[in-house]
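Colleague: Sequence:
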Amino acid sequence: MTEWKECKLGDFIELHRGYDLTKNSIIPGNYPVVCSTSIMGYHNEYKVKAPGVVIGRSGTLGEVQYIDIDFWPHNTSLYVSDFKGNNPKFVKYFLQKFGTGNVGSGSAVPTLNRNHIQSLTITIPPLETQKKIAKILSSLDDKIENNNKINTNLEQQAQALFKSWFIDFDPFGGKMPAGWKMGKLSEIAEITMGQSPDGKSYNEDGIGTVFYQGRAEFGIRFPTRRLFTTEPKRMAKKFDTLMSVRAPVGDTNIANEDCCIGRGLAAIHSNDNHQSFIHYTVLALRSQLDVFNGEGTVFGCINRDALNNMEVVIPSKSDLDKFEQIVASLDADIFNRSEENRNLTNLRDTLLPKLMSGEIEVDSVQI
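Using my numbering, read the sequence shown as starting at 660 and increasing by one per residue.
The set of hints was computed from the structure by calculation and includes no laboratory data.
All residues carry an ideal CB built from backbone N, CA and C; glycine is no exception.
A hint or two may mislead.
As the list claims (entries may be wrong) - Pairwise CB distance ranges (calculated): (1) 728 with 684: 14 to 22 Å; (2) 858 with 742: 18 to 26 Å; (3) 836 with 1025: 49 to 57 Å; (4) 815 with 981: 13 to 21 Å.
The task is simple: from the sequences and hints, build the whole structure.
Modeller: As structure tokens, then:
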């Protein structure tokens, strides 16, 4: 820590407000328009050369994004206009740890105050240490991103196979084979509607059973632990499909462990151990489920009877077994990579504040 120095954030980096650009003004091109939380589109012009670091300044405060191509920072964001010789990726991680989301303007609509945060006192390491810290954290993020890309590809393969077999009937000459039929979801799955426990039983300390209230806990494919309950009511089994039964109806995740579910969710469990088939069947019900989100509904929702009565393809057991054998292995790979990502994320989030504060010496970390 002897080489770390104390300075104002404004001496570390220079922040500027992004540029006005309405959605209607975007001319399709190759340059991302980066708003407070994500990329809102691609424009034919850029304002800032890569690399870039962007922070949400309006609506959602403190979201930090690293941009590796030339880009247009939107007016809902602040961007680093001058890194002042510091490592750009280190700057990104520093701002994540810095917690700019806690520094607002005090107005009813939260807005990040650039002048205020640039006046705050910080402690930063020398450039070589910055590079080492950025390399460690980037290696974890790169592994997470690579796993996500592989998982996306595997899921696309599984969905394509489901569509080919059970929607287009490609292997069967485009017609439903003998021995197959149209039926109801209740014929192949058991549906459990969630019920929220007493609020007094909730905790964030890992005491009791994992509890998912609704789609707010949904991740890319598996939900994120946030709450626990000591008084679980309705349970989902590991690998059950979790479906949002309140607006927006039909969003899905997969339970990565036995868990309690609240009134915003239903758990859909295969009657005969074909859980992968059930999951992709539910995904294919999207057009039927969208009716429950349609115009005229004050608050979209679906009940158990309506869910039970969803029309589905019911194949022969032999064909179902063949599909399950192929796709269950893909789903297992997706699960394993997702679990690895959860561990990598926990490691990154543990290391981030300790590396940034100098509590852990960067040379002692082995990844």
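Colleague: So, for every hint listed, does it hold in this structure?
Modeller: Outcome of the hint check:
1. Range check, residue 728 to residue 684: Cβ separation about 20 Å, and the 14 to 22 Å hint holds.
2. Roughly 46 Å separates the CB atoms of residue 858 and residue 742, a value that falls outside the hinted 18 to 26 Å.
3. Take residue 836 and residue 1025: their Cβ atoms lie about 55 Å apart, and the range 49 to 57 Å holds.
4. Checked against the given bound of 13 to 21 Å, the beta carbons of residue 815 and residue 981, roughly 20 Å apart, stay inside it.
Checked against the numbered hints given earlier, the structure breaks only hint 2 and satisfies all the rest.
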